[in-house]
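Could you build all of it, start to finish, from the sequences and the hints given here?
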Amino acid sequence: MSMFSMIKTGLARCGADEWRIRRVREESAELFFVGRDLDTRRAKSVLRYEVSVFVRVMEGEDVKKGMTEVTVLPSMSQAEIDRLLADARFAAGFVLNPDYAPADPVQHEPRRSGSRLAAMTPAEAAGEIAAALFAADVHPHAFLNSAEIFAVSTHTHILSSEGTDVRWDSHTVRGEFVVQCKEPEDVEIYRSFSYDEPETEALQQLAAEALDFVYDRARARKILKSGEYDLILSGNEVGELLGFYAMRSNAGMIYAGMSRWQPGETVQSEGSGERLDLTLCAQEPYSEEGIPMEDRPLLRGGVLCGIHGGNRFCRYLGAQPTGDYRRIRCTDPGTASFEELKQGPCLWAVTFSDFQMNPMSGHFGGEIRLAYLIENGRAVPVTGGSVNGSLLAVQGDLAFSRERFRSSRYEGPYAVRMKGIPVAGTEGEET
Amino acid sequence: MFEFMDTKKPLYRRLTDALSARFAYASVLAEAHADRSWSISRSGASISTRGMTGGTGCVARVFDDLGCLEYSFNELEEESVPVIVLKMEEMSRRERGLLPAGTRPLPTPLPEETPACFRRETAWKTDPWELGDEAILEKLRSVRETGLAVEGILDVNVRVNCKRYRQIFLSAARDLDQTVLQMSGSVTALAVRGQEIKYYSRPYSILGGAEMLETLGSDVEDVCRAALELLDSEPMVPGEYECVCDPAVTGMIVHEAFGHGVEMDMFVKDRAQARQFVGRRVASDLVTMHDGSAVGEVATRFFDEEGSLTTDTVIIDHGILKQGISDALSAARLGTAPTGNGRRESYERKAYTRMTNTYFEAGTSTPEEMIASVKYGFLLQNPASGMEDPKNWGIQLMVNVAREIRDGKLTGRIFSPIVLTGYVPDLLKSVSMMGRDVELSGSGHCGKGYKEWVKVSDGGPYMKARIRLG
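Line order of the protein sequences matches chains W and H. The numbering of the first sequence is my numbering, which starts it at 1 and goes up by one. The numbering of the second sequence is my numbering, which starts it at 1001 and goes up by one.
Possibly wrong hints are sitting among the right ones.
[Claimed, not checked] Looking from chain W toward chain H, a few residues come up when the C-beta cut is under 8 Å (computed):
| no. | residue |
| --- | --- |
| 1 | Val34 |
| 2 | Ser45 |
| 3 | Val70 |
| 4 | Ser75 |
| 5 | Ala79 |
| 6 | Gly127 |
| 7 | Ala131 |
| 8 | Pro140 |
| 9 | His141 |
| 10 | Asn145 |
| 11 | Ser226 |
| 12 | Gln356 |
| 13 | Asn388 |
Please keep in mind that the hints were generated in silico from the structure rather than gathered at the bench. No residue lacks a Cβ here, since even glycine has one placed at the ideal position from N, Cα and C.
So this is what it looks like as structure tokens:
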């Protein structure tokens, strides 16, 4: 008997008439390097069945619904599965929330990934990515310190009591690397990457840029004065910043009262800057709940097009469930080239130790690892100090570059300039 | 719970022996995790059995002429033993041809393991599974309702997680078996004004079981009032100030600012400045720092995920950096002894050097004495997040609350959010007072960079130091 059949048997035996089973098979090859020396090789092959069990009961005049999730392992016997699912159904009765409709059923033929990674084994993909990274390690003064590479193939199959039956495969190569420059200061810069194709050129470009930046960081000085600056963010930090709008428009956040945004509302305050056009980007054909995912408009001209999220909270809010998105695209074309954006006194913060965007307070910031203080046409590398800004205060005056950037979390203008951002400097730290 | 591992243990041993016959070293770590979390908030009630870390499966480790090689799997039956051995032989022989040309091994002596054999279990008073979902959720509801009665509060989110896990580690020299139960949680109050939401969180944690619920939410009204106070907080004027850190902020400084910097896999990569400072002064005489399982908190265990026995490591002794903490491979590469800090997010992940329970020792001062000694400065409370910088010992910590102190008294003004920056040894050398009572807390998880989450605790006493705030 197949695991699916055993789980369905267990569900029937415990009286669960609403359920969802998500079967995930994951295989990976992983390489860990110190410099170019091999630290560790790893591989994995794991299989699990994640089962969601729902119960609906009358509580007074109201219908309530509860849900719990359990993981069934391939080694479990029918008796073990029966006990696990009966416990799950019993527990679901203690977490009763307002009733909501199940995710709409979807049936589709298996979707095969068209990625070139699908034709490679994880070990082949990991080796190709490692070779590409090493090929970029040619800077005269900076070098690759260490790297981790993960090539992962995932095969997912979702069944539900409502009749959903979808399956698909996805393939990624992701990882991180650190580049180092030892003179005049011994410093490093961290970069991560994630691709759904073997994008060796993009990786080499990322590595080459990181090597240039770390060379500048080694020469950067702690001369930043405290005050307000026109701040430029670039690359992934722009995506983190704009991710605020995706988080604030998530149904879970709205239902919890942590956001009051409504479709049709102008959520970007007025100002002289560009009006935001943002799109939510689907990276998988279905969500974890089996909801079909597609690219969706999020903001047009600073106006919220719709809310998004998982089944339960979207149902509560009367919205169509969309699944949870992890990637956004900004289609604002930008009004200036990056060089033009850097005109006039400003601070271009290139890397932070950890840039954070707080979806609740609207504050963003972090400690600066490398920035360029731009004055009178000169760009002086500086390090140290911290940014502590409020997007809510400056969102009306955003200016974007025409150059584009693309990563696994964000696609859009490479850079954004914001006015009057508080920066804590480093006066007195340099000796 | 986990009795199936007794049935499987002969298979784990058979696999270990089969791999040992083909490779210079072989070990198998088998683990099973049972997670359960309960939460109550405006979003509703929930129970989840998905843990953030762990899982049920095995990882086999061997050494060949290219070094360390691992395979993670969660299907192990009688017939799969030769299949796994074959897979690891393929990885060792055929897949090496896929590596970049000229790939060399990082020189790594084979692990030296002294023989050890034991089965141990941590203690608890109340088993959360026996107490049951209904009783636990009732407690959470009661805490939330008490908090919601405070006027002006948007929501109170009460969350509790428990984890019980069993791990068996087998190698030629070792046969180790441990079971651990830990529980943690938080009470978070939210207050809103306009588009801005402020929150204040109180963590709870215990090496043990549902007895933690006895203290959960005892101060929920204070937590709510703190969230409301934040609505009137002001932006910080950047500068260096005299600061009194509460034990939670001290803990974040211990963990993020210094602890990550003494993880010795970073020594191997030349990514930690601390390596050059062993034997030298890095902090004031008042600072003595520990990591390990000498205290009972959420990261206490008997052996790590590489089969190294845990201990109590004195990292800083009265201001002098004595040693770092290490996993087994880093220790072998550096010629030191492993300290029991080789930890994995789960059997599916690599082992790295990771902290466990990390803290500063107590001193002799009281918080009142510290505040009274400040001419102008801040009482820092409620840490939010932090990021390590072992290479340059830069500090980046986010704190939710800075209470103004003027002429030795709290003025009632609050500043938020706050970014702490600066150079770690400067901060630690400026420590001028250390409190009498050590408090540890482990409600969250620690990442290495941006991934590899493991449960840790950190803490210390109240501490006075000069800190750059922004």
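Checked hints:
no., hint, verdict
1, Val34, "holds (5 Å)"
2, Ser45, "holds (5 Å)"
3, Val70, "holds (5 Å)"
4, Ser75, "holds (6 Å)"
5, Ala79, "violated (12 Å)"
6, Gly127, "holds (4 Å)"
7, Ala131, "holds (4 Å)"
8, Pro140, "violated (19 Å)"
9, His141, "violated (16 Å)"
10, Asn145, "holds (6 Å)"
11, Ser226, "holds (4 Å)"
12, Gln356, "holds (7 Å)"
13, Asn388, "holds (5 Å)"
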